[in-house]
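Peer 1: With the hints as extra help, turn the sequences into a complete structure.
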Amino acid sequence: MVTLTAMAVVAVGGAAGTFARVVVSEWAPPALTVTLAINVVGAFALGVVLTVLPEGGAGRREGRRQRRRHHARLLLGPGLCGGFTTYSLIALQVSTLARAGDGVGAMVYPAATLVLGGVATVLGMALGSRAHDGG
Numbered sequence: 574m575v576t577l578t579a580m581a582v583v584a585v586g587g588a589a590g591t592f593a594r595v596v597v598s599e600w601a602p603p604a605l606t607v608t609l610a611i612n613v614v615g616a617f618a619l620g621v622v623l624t625v626l627p628e629g630g631a632g633r634r635e636g637r638r639q640r641r642r643h644h645a646r647l648l649l650g651p652g653l654c655g656g657f658t659t660y661s662l663i664a665l666q667v668s669t670l671a672r673a674g675d676g677v678g679a680m681v682y683p684a685a686t687l688v689l690g691g692v693a694t695v696l697g698m699a700l701g702s703r704a705h706d707g708g
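Residue numbers (the working numbering): 574 to 708.
Bear in mind the hints are in silico, worked out from the structure with no lab data behind them.
Accuracy of the hints is not assured; some may be wrong.
Ranges of calculated distance between the beta carbons of each label pair, as one might list FRET restraints [claimed, not checked]:
| # | residue 1 | residue 2 | range |
| --- | --- | --- | --- |
| 1 | G691 | A593 | 48 to 58 Å |
| 2 | A584 | E628 | 13 to 23 Å |
| 3 | R703 | S668 | 23 to 33 Å |
| 4 | D706 | S661 | 34 to 44 Å |
| 5 | A671 | V596 | 26 to 36 Å |
| 6 | P627 | L689 | 18 to 28 Å |
| 7 | V596 | A664 | 19 to 29 Å |
| 8 | D675 | R638 | 44 to 54 Å |
| 9 | A664 | E599 | 19 to 29 Å |
| 10 | R703 | A645 | 18 to 28 Å |
| 11 | M680 | V575 | 32 to 42 Å |
| 12 | S668 | A704 | 33 to 43 Å |
| 13 | P603 | R638 | 25 to 35 Å |
Just so you know, these numbers come straight off a predicted model, no measurement behind them.
The beta carbon of each residue, even a glycine, is placed where N, CA and C say it ideally should be.
Peer 2: Shown next as C-alpha cells:
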C-alpha cells in the first residue's frame, strides 16, 4: 500500500532532483553531452542508492528504522535520481538530430545513453556494495 508519506517523500525528492538538473543544465552550455552526463551520473547514483538502501517494506509491522530506510530509498531513488535524470529530453534531442538530417546521431545517442546508464548503474551498485559491506 502506498502511503501519503511515501508519496510526499518521492515528491520532495523529485522536486530537489529536478531543481538540480535545471541548475546543471542552465550552468553548462547546451549540449547532448550535458544531458548524457546527467543521465549517467543519475544512473550511477541510483545504483548506489539501490544497494546501500535495499528494498524493504514500511508497513506497520516494520520498525521505525526500517520505515526510515524505506523513505530514504524513496526520497533518493525515484525521487531525487528520478527527478535529476531526464530521459524525456532525449526524445527532444533525438527529434532535433533527426530533423537536422543526422540519422546516425539520432540512433546512436539514445543507445549510448542506455548503455552508459546501465554500466553506470552496475558500477554504482558495486561501489554501494563495497561501502555497505565496509570493504
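Peer 1: Hint by hint, say whether it matches the structure.
Peer 2: Going down the list of hints, with the structure as the test:
1. G691 with A593: 48 to 58 Å: 22 Å, violated
2. A584 with E628: 13 to 23 Å: At 20 Å between Cβs, range holds.
3. R703 with S668: 23 to 33 Å: 40 Å, violated
4. D706 with S661: 34 to 44 Å: 35 Å, holds
5. A671 with V596: 26 to 36 Å: This hint holds: roughly 29 Å between Cβ atoms.
6. P627 with L689: 18 to 28 Å: 25 Å, holds
7. V596 with A664: 19 to 29 Å: At 22 Å between Cβs, range holds.
8. D675 with R638: 44 to 54 Å: 51 Å, holds
9. A664 with E599: 19 to 29 Å: 20 Å, holds
10. R703 with A645: 18 to 28 Å: 19 Å, holds
11. M680 with V575: 32 to 42 Å: Holds, since M680 and V575 (Cβ atoms, about 37 Å apart) stay within the stated range.
12. S668 with A704: 33 to 43 Å: 39 Å, holds
13. P603 with R638: 25 to 35 Å: Roughly 44 Å apart at Cβ, these two residues miss the hinted range, so it is violated.
Violated hints, in rising order: 1, 3 and 13; the structure is consistent with all others.
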